[in-house]
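Be aware that the sequence shown starts at 1, since it is given in the working numbering, and climbs by one per residue.
One should not assume that every hint holds.
Here are the simulated lysine-lysine pairs, DSSO-like style, with alpha carbons at most 27 Å apart [as the list claims (entries may be wrong)]:
1) Lys630 with Lys504
2) Lys628 with Lys590
3) Lys347 with Lys261
4) Lys630 with Lys590
5) Lys152 with Lys200
Source of the hints: derived by calculation from the structure; they are not laboratory data.
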Amino acid sequence: MLAPPVSDVLGNSAALCDAVLRLRGPALIAELGRIARSVLDSPDGEYRPGPADGMAGGGDGCALVQDVRYEQQSFGRFIVRGRAYGDADRRQLASLAALAASVLQVHSLAQRSTHAFVQVEAQLQHQSQILDQIHESVLTMDMGGFITSWNKGAERLFGYSAVEAVGRNILFLYDDEDAAFHDAFLEQGGRLMEVRRKKKSGEVFWASLSLSPLVDVHERSIGLIAYLTDITERKLAEERIHHLAYYDALTGLPNRTLLTKLVDQALTVAQRSKLHGCVLFIDLNRFKLINDTLGRKIGDALLCDVAQRFRAVLRDQDLVARLGGDEFAVGLFDISQHYEASMVAHKLLGALAEPFLIDGHDLRVGGSIGISVYPQDGADAETLLRLADIAMVRAKQGGDASDGDDHVAFYSQDMNQGMQERMRIETGLRHALGHGQLLLHYQPKFSISSGHIIGAEALVRWLHPERGLVPPAEFIPLAEATGLVVQVGEWVLEAACAQAQRWKQGGMAPIRLAVNVSAREFTSALPGRVAATLKRYGLEPAWLELEITESTLMHNIDRVIGIMDRITALGVTLSLDDFGTGYSSLSYLKRFPIDTLKIDRSFTTGIPGDANDCAIASTIISIAQQLKHKVIAEGVETLEQLAFLRQSGCDEVQGYLYSPPLPAAQFERALRENWTPVAPERAA
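Hey, can you work out the whole structure from these sequences and the hints?
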């Protein structure tokens, strides 16, 4: 058989390549069979895919068979029939099989590569979708900080699209404060920190940032993966919590907790620098009066203005805090001598000198300042604050603390001892109230004209189980300062009415028992409490008289008069105690529904030798007579005093000339015997 023309060979080769590239399945099998028939010019030929059967290159006499094999891989075999075949036919069929095997091998490799690429592409797309769907912002950058990828979360967080961000240096997202940390941060992967970043809009926010290394196939670092989450809300919440924990909500100043921390830190620096440190404890004078009279809103505004003035006169390095109520504290640490603290204290008091204009009210407050010094008084904040507080109390007591003037005092050891004694008495008094250690003595009141007992003042006494009778001068001022005077006053009213009930049941006629009422007790609740107590003990109002100090009447006159009217409506008489020692206007005196004016012992003492005391006593008696009030003088101890008071028209007296305060049993005996200790003729 002659060899086929070259054009036929090229055509069949092209047809075979085209068939392998375009066709699949039966169509490819049929086309390969057709090509085999064409190459061998045979009426019958086919291509059978599948593994070889060991007949490669041979025939069965009727057919020519050739395996299509590339190296160890078999793709199938060609089988042609219909005529006798020679060696030339076998060579042609072998060439066709070799070409087909080569093309099928290349196509198989191409298919596998394409499939692998499709799988990789699908996996990358899948991962990209995952990155875009997660809320967290994820971006990658090279070792120079230039962004190489940018997910949808980053777009949502920063406002930049991937097109705008990729290729730019990460620094364009930094807040100015964080830019300085850029180089050090990029060198470390895996770190978690809180940073400030900037959005496209210019808004700066807080983010939680974590960096992980980005490596190549050889595990060499080629960049970083950054994960960012917006934590602005959490940071703001933390700041609010921190502010609530460490700052005063009203004034915005540090509170006691923060002051203590800052003072302790400053003391450490002062120790290294061998500097002095001082703590000033400031208590406002007259603030409570303003707050009670004008209301909390005005009081709060006043505290805010005070805080601003204190801050204005202090240096930036000085600490000022509000401890609570009307108490402030200042820490001074950059000073070389402790006496510099007194200069600052007077600057603070000077800041209070100008009146405060609040809601149309012209308000004035003063201050009392106690100072403790580091290191001689204490080495920590709590100790210095405590000792400065003790010094402040001493400062307030220095001079006439009731005048509201300004006072400054340094702490000293005797102050501490005095404070400990005060605390011991206060604790003991609280115990006495609940354990039956208080009792009443009754100082008789006498009519000057008849010399007979017409009443008594109920005076509280403290019978201490170890100390015996504690002088009233020791615990009454303390009771007033601590507010215990209210509980003591309630106990006195209750005990006096209980005693009056016993005397009534014993057949005694009503006698006026005077009970002192402090300014703290003189509230709108007092008339109701008095009425309830009288009813509980079955007493007529004639048994009771309330003594009110003049200082009680100095403020909110209309409110005071309203309370007094309710008391007198019960039938209970009122006596104005310590008259002449205060500043009440005489124009108000005529409006007070009082029965008696009491001349204070400070005026009685100088009678008759002191002309001023005599003039004051005479004037008080004259005013009382004009207003149709009775007058009683206390502290009468001499016949000369009694004679002057009798001549001046005084109605009643009490004092040691007649009788000291007596226990209930002795007073009852004196009353039943109608005791007249001073003969009228002796006092004439």
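Going through the hints against the structure:
At most 27 Å may separate the alpha-carbon atoms for a hinted pair to count; Lys630 and Lys504 meet this at roughly 26 Å. Proximity of Lys628 to Lys590 is assessed by CA-CA distance (about 10 Å); at most 27 Å being required, the pair is judged to hold. Pair hint Lys347 plus Lys261 holds up; C-alpha atoms about 25 Å apart against a cutoff of 27 Å. With a CA separation close to 14 Å, the supplied pair Lys630 and Lys590 stays within the 27 Å bound.
Restraint check: the Cα-Cα separation between Lys152 and Lys200 comes to about 15 Å, which is no more than 27 Å; the hinted pair holds.
Violated hints are absent here; each numbered hint is respected by the structure.
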